[in-house]
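Trainee: Chains as they are written, first to last, in our numbering: chain A, 781 to 991; chain Y, 781 to 991; chain G, 781 to 991.
By construction, these hints were calculated from the structure, which means they are not laboratory data. Where hints are given, some of them may not hold.
You can't tell identical chains apart in this list, so a pair holds if it fits in one copy or across any two.
[Stated by the list, open to error] Derived BS3-like pairs: lysine-lysine, alpha-carbon spacing no greater than 25 Å straight-line:
#: 1; residue 1: Lys811; residue 2: Lys977
#: 2; residue 1: Lys811; residue 2: Lys982
#: 3; residue 1: Lys982; residue 2: Lys845
#: 4; residue 1: Lys811; residue 2: Lys845
#: 5; residue 1: Lys977; residue 2: Lys845
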Amino acid sequence: MQPAESVLFFFGLFAMVAEAMTAALAAGRRKMDWFGVAMLGCVTALGGGSLRDMLLGHYPLLWVKHPTLLLLTGGAALLTIALARVVHRFHYLFLVLDAIGLVVFTIIGCNVAMSMGHPLTIVVVAGMITGCAGGVLRDILCTEVPLLFRSELYASVSLVTGALYVAGNHFGVEHVAVVIGSVAFGLTFRLLAIRYKWEMPKFIYEREGPH
Amino acid sequence: MQPAESVLFFFGLFAMVAEAMTAALAAGRRKMDWFGVAMLGCVTALGGGSLRDMLLGHYPLLWVKHPTLLLLTGGAALLTIALARVVHRFHYLFLVLDAIGLVVFTIIGCNVAMSMGHPLTIVVVAGMITGCAGGVLRDILCTEVPLLFRSELYASVSLVTGALYVAGNHFGVEHVAVVIGSVAFGLTFRLLAIRYKWEMPKFIYEREGPH
Amino acid sequence: MQPAESVLFFFGLFAMVAEAMTAALAAGRRKMDWFGVAMLGCVTALGGGSLRDMLLGHYPLLWVKHPTLLLLTGGAALLTIALARVVHRFHYLFLVLDAIGLVVFTIIGCNVAMSMGHPLTIVVVAGMITGCAGGVLRDILCTEVPLLFRSELYASVSLVTGALYVAGNHFGVEHVAVVIGSVAFGLTFRLLAIRYKWEMPKFIYEREGPH
């Protein structure tokens, strides 16, 4: 691992913990049992990367190679049960950690696809799947229409961050600079989107029937 | 690609556009944002083939090899937003394009499984997954019980078309004739099923509890 | 196949039939058509092993190698329609068969991961996915929050059975003894859990909002 990748991975661990903890709260809203909580934490934190790897045929999956990640994320989800009464006080901390996760996972996902020699579009898409799909899986398991498709800019942040990262690498910018630049941009973009409630326009179609 | 396959693929592109556009309308009914619309379009149009390839271990996936397909289907879904007011006038056009897609994707799916040397049952099943699974994924993401399991003959059309195609090839009928015959049969079958509301019998079980 | 594995596989077939039949009842509660019934039967009975294989990159999938399994499970689901009026009388039989399936699939799943040389944590997790994921897929297709996450000890039984099996093998206990011991323990544990309604504690979190 290059130094920049080590730092990314390290931040990625914090983000995984944060995603597992917010998933645990979603599980609690559905009155799931402790096993469901741990499981939803693992799926949410690790599902994006797993889906990317299954789509690209990139084996073994990260958590299969490093099973400790299951204990880390499942454990974080279970810990949330004990902390449930105070967790909401750290609302902003979670938002920031989640934003870090979005951006960091995006770049890690881009790296995986680049290392496999995929075309640039696929590199950006792989980043987006890594950053966003965990939350989609969480919402499917909670039988909710994925939040991703209906709330503040999230996937778009991932898309733009990935595109910036790919462009920087493509034009031969120093790697560390590209990483720092993309992370800083993506993080700022996401936090501003939350702060000012930037949303994608919605498509509302009322006509009934299959078409 | 053989000539018959080229023609199939060409019709398949139209069908992908049609599936992405009807998925966009489903997204609009769930008030998704523009990103969700594009995403649901891609998943619906490309999800069947992707699931087939993941189940068979057939890498790389089509859209990974041809990322333009993501732009085509995502773009078609977005275009639907602009056309939403008039789209319902083309209701029958969409039904026909969707029927073409069902049949064409089925045969493309059979071809993939045959080229991997799978037994005939799996060839037919691969065709069915390719033809039908995109719509199932769309319904899961919209948190609806898949329409496929509850409406006019759809999967059955795919099943019969695939079986016909497999049988024709198995008995050494001229390839072009098998393709044309299966497509014509499947298309007619599906359009008649819509016209006359042919449905599979339903299984209704009212008793509560886990069993 | 070793003798112990043959016996396991044989019991596994009964369990697949039982899982397909209970899935058929779930399909009937959603008023699915016959195709949906057959399909939900296949997915529930074979989905756990398929998901495990896709996550581990273990190809070909079992039902791709043995397509007869599709006919067996799909057929069992369809047969349930004819038997719907009397099926509930065999409620306890189904519970026992399902418990056998849980335990047997868990051990089969552990074997697959062991044969690929995965670390012990992954072996146990692979067993759990094999034993439990079919029911999760069934619930997702029925748009219900997975029962697994909310009811009597089920995944926990799988977890403990797998851990016991892995530990026995790890410490060099005679293979047949490990298989019999794990199956007997798991089965007893699950049946006691049903009998005495042992449940995991639930995590209930009422606070609204994304976090």
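Trainee: Which constraints among the numbered hints does this structure fail? Numbers only, ascending.
Mentor: Structure breaks hints 3, 4, 5.
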